[in-house]
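Chains as they are written, first to last, in numbering that gives the first Met the number 0: chain A, 0 to 414; chain B, 0 to 477.
The set of hints was computed from the structure by calculation and includes no laboratory data.
Keep in mind that a hint or two might mislead.
To give an idea of the interface, some chain B residues facing chain A are shown, with a C-beta separation under 7 Å as derived from the structure [claimed, not checked]: (1) S275; (2) A379; (3) A381; (4) A385; (5) I465; (6) N468; (7) T470.
Here are the computed distance ranges between Cβ atoms for each label pair [claimed, not checked]: (8) R192(A) <-> E286(B): 39 to 47 Å; (9) E413(A) <-> V451(B): 55 to 63 Å; (10) E413(A) <-> E286(B): 37 to 45 Å; (11) V241(A) <-> D131(B): 42 to 50 Å; (12) D229(A) <-> Q373(B): 41 to 49 Å.
Using N, Cα and C, we set each Cβ at its ideal position, and we do this for glycine too.
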Amino acid sequence: MYDLIVVGGGPAGLAAACSAWDSGLRSILIVERDRELGGILNQCIHNGFGLTYFKEELTGPEYAHRFVELLSKTGVEVRTDTMVLEITGDLRIHMTGPETGYRVEEARSVILAMGCRERTRGAIGIPGYRPAGVFTAGAAQRYVNVEGWLPGKRVVILGSGDIGLIMARRMTLEGAKVLACVEVMPYSGGLTRNIVQCLEDYDIPLYLSHTVTDIRGRDRVEQVVVSEVDERRRPIPGTEMVFDCDTLLLSVGLIPENELTQSAGIRIDPRTKGPEVFENMETSLPGVFSCGNVTHVHDLVDFVTQESQRAGAAAAKYVLNGPAAGESIALRNGNGVSYTVPQRVRPENVEKVFNVFFRVNRIFGPSRIVVSAGERELCRFKRDRLAPGEMENITVPVKLLEGVAGEITVSVKEA
Amino acid sequence: MTDVVIIGCGVIGAAAAMELSRYRASVLILERENDVAVGTTKANSAVLHAGYDPKPGTLMARLNVRGNRLAMEYCEALDVPYKRCGSLVLAFSEKEVGTLRELLDRGVKNGVPGLEILTGDEARRREPELADTVLAALWAPTAGIVSPWEMCLAFAETAVKNGAELRLNTEVTGLEKTESGWRVRTNRGDVEARYVVNAAGVESDLVHDMAAHHAFDVKPSRGEYYLLDKAEGNRVGTVVFQCPSERGKGVLVSPTVHGNLIVGPNAEPSAREDISTTAQGLDFVRETAKLSVPGVDFSKSIRNFAGVRANTGHDDFVISVPAPHFVDLAGICSPGLTSAPAIGEYAAELLAGEGLSLEKKEDFVFTRKRIRFQELSPEARAELVAKDPAYGRVICRCETVTEGEIRASFDTPIPPVSVDGVKRRVNAGMGRCQGGFCGPRVVEILSEKLGVAPGEVVKDRAGMKILVNETKGGGENV
Ligand SMILES: Cc1cc2nc3c(=O)[nH]c(=O)nc-3n(C[C@H](O)[C@H](O)[C@H](O)COP(=O)(O)OP(=O)(O)OC[C@H]3O[C@@H](n4cnc5c(N)ncnc54)[C@H](O)[C@@H]3O)c2cc1C
Ligand SMILES: Cc1cc2nc3c(=O)[nH]c(=O)nc-3n(C[C@H](O)[C@H](O)[C@H](O)COP(=O)(O)OP(=O)(O)OC[C@H]3O[C@@H](n4cnc5c(N)ncnc54)[C@H](O)[C@@H]3O)c2cc1C
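Excised from the complex, chain A in its bound form (with noise of 0.2 Å):
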């Protein structure tokens, strides 16, 4: 019997159990699938990462590897090469590993940090021709910065976000011609500072409200069609415009892994696909927390390094004093917010202040974000610009939720 199972070893696992021994715990398992630590971030060869949390420039693997360090200096056991299968409702951990073999555990404490996957074709439903030459934007920055296989030389990247943008330059950079990225909103969904150096210093064409409507060529791509779209998202007709190319590169989403999380029954948030969590990240199933990508889909590994943290620590309060008390209010979406993170508060679990993550479904200029209770306003927050493509975050100060009872509402109001 384990004190604590961390589901995944990316960032949001290796911060999660190093914060859960930092609290106390100290038989803790992390058990990851593939061959090493790190997630997703072993792909990510590019810079950008920890310029909150580290206060300095890393690539992907670098930021890994700092949590490895650390994790190496704890005493938590690690178990590579081997994949949860399942967790039933009284956590007992079904695993799977060459090494291990097929086995059961239980724990006392569980944290999902599985991150999430890639919506495909299929579930955007581009019509046409199933050549090869249709990749996620994931998987063709596996083969090249992994495999070290380039997947095509003339290429067009559907949908702007930031894994696309980030394989726009990095094909580049390998020496295939990048013809355009095209985005059926009139928004990127991308973090500005990625067009910016990913696409502009590159010159590659960004085609706002566009979408491919069609793939030619049976064996390897031939062609793709891109056609503008209307408000409803709808192709326009005689707008169509044909790419010759080998390539198409799919940028259309990341969606949360939570089969899992499904078969121990825990509550998911339609909005976000991921678990309903608490302010300290616990899932509607008591013991059982949450972190990462798995819970809602980060632009930046910095916020899942913090967010984990508190689930690690949330996890280790747990076993050692007792499940969290309280009622709970729920946070719900007001004007132009499309999800919040967590879901609830139970105020009486929180010591000062309480972070809430969300993000917006259109652009704003200057405006408020209002935390409010019926008519009355808590608080409100100053921001010059909000963009579905980046993260918002905002500190709350408990002792506001004082004789609030039921729910509160997060809006953002344009100045």
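Assemble chain B with the ligands onto chain A, guided by the hints.
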């Protein structure tokens, strides 16, 4: 000199080969592509039809009903996933209720057991997700679902195990009558045969014309599909059809043996090779399916695909002997998959009629088994991994397919040569991430097993190369 050359290794060629491999005759299958089951056999509705559709008295009616029974028997024996889940044909108007009665009548004449017309409410009790507008439904308990490519593969493997030879990447380009039979011209040299069987699918009219006077045209008709995530797999438990029309059996909503939901097809004239999907086609499929089962959540789609029917405009398959020692198994449109085992039997009969001697082998092997890690109990898994650690490493996360299963597929009578070939054999890459994660690992294993560079590994057909060249770092981790 080979006794029988079979042209094409879709389910029809494979079924004929397996049937003939029961006998002492030598059998050679020639397939143009690099694998079996890559034509229409891999892209259809995967339904084992009960047999109420075909006109009574046709060959199709007889072969469908017998094929339905044999297919399930064979799948059981050869470890092919199938399920006798039954089917419903829905009627939304009084006129369509009339159609149901006609189908019932035909079914009874064709010898289909257990047919029954249900009221709308009875149908909804069976399938709670059916639309309120359903007035009545024809229930056919003997209908089922199957893994079409695995059925074809199992038939072909069984044929090979029993002595048949399979030559892949071999395209038949001409046929010449000889004294004792046929000279079969291919891109890889000539083959002498006593008998030839045409099982060339949507190109069966072209192969026919190589041997006999022009007699029919294949008029290809494409059908497009959605395949939905397992989260939608329980939306229905039986195959849900709409009333058939001139254009086909209509759009169906059905579970698959792999636990997904399949929705489609439409029917549009197309080129023989045109397996592309279209926005209009997919829109039509979505809209039409919602009439039967309004709750289908298409945001859970994981893949679209299309297959081409070998329609001929006749109400029957084109199965005959148009030239001496030459058998057409042509124009095998739907329900060809279902009928395949019966078509195989019938092909043997026709060849016997042409003089082929059918002397049974005593040592005919009719078993096949593969390990499916996902379906094992925890105890069985533990035991397996202890014996062979490769079964402990999960390669395909969505479908829980292990390295052991992938490696074992290379030790079968027809080993895979492509990423999709691995997928058809062990399901790796079939799930919700569509090979995004396991693709690179499968490429790695193929490259090792085939002894070629990763850049030579193909997605499916020869020519479908995945990677173009090594990066500047040349495989280094830069
Ligand atoms: C291409 C790309 C570029 C990025 N660029 C930047 C950037 O420039 N700057 C920045 O700050 N952030 C960046 N990010 C974001 C950051 O990398 C992620 O937010 C972070 O990696 C998420 O961490 P995680 O631990 O939640 O998930 P992951 O890193 O995905 O780790 C999850 C781990 O869980 C394991 N796992 C999953 N299921 C199981 C199971 N059943 N059993 C065992 N193990 C399992 C996985 O193998 C994986 O190792 C980028 C992300 C991507 C994908
Ligand atoms: C949309 C759709 C839905 C269907 N649904 C069902 C269903 O639910 N149930 C059912 O029972 N049936 C169904 N069918 C019908 C069924 O799929 C077909 O009848 C069956 O797959 C035909 O198999 P085949 O072997 O004749 O053709 P194929 O699988 O196409 O095989 C023909 C093979 O011949 C090869 N070939 C062609 N020319 C040459 C040459 N010159 N030399 C060498 N090789 C050659 C090809 O490469 C190919 O591999 C459906 C069909 C379609 C299109």
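To see whether the hints hold, each was checked on the structure:
1. S275: holds (4 Å)
2. A379: Hint on A379(B): violated, closest Cβ of chain A at ~9 Å, above 7 Å.
3. A381: Cβ of A381(B) sits 4 Å from chain A, so the hint holds.
4. A385: holds (6 Å)
5. I465: holds (5 Å)
6. N468: holds (5 Å)
7. T470: Nearest chain A Cβ about 5 Å off; hint holds.
8. R192(A) <-> E286(B): 39 to 47 Å: holds (43 Å)
9. E413(A) <-> V451(B): 55 to 63 Å: holds (59 Å)
10. E413(A) <-> E286(B): 37 to 45 Å: Holds: the Cβ-Cβ distance is about 38 Å, inside 37 to 45 Å.
11. V241(A) <-> D131(B): 42 to 50 Å: At 45 Å between Cβs, range holds.
12. D229(A) <-> Q373(B): 41 to 49 Å: holds (44 Å)
In terms of the numbered hints stated before, the structure departs from hint 2 and from no other.
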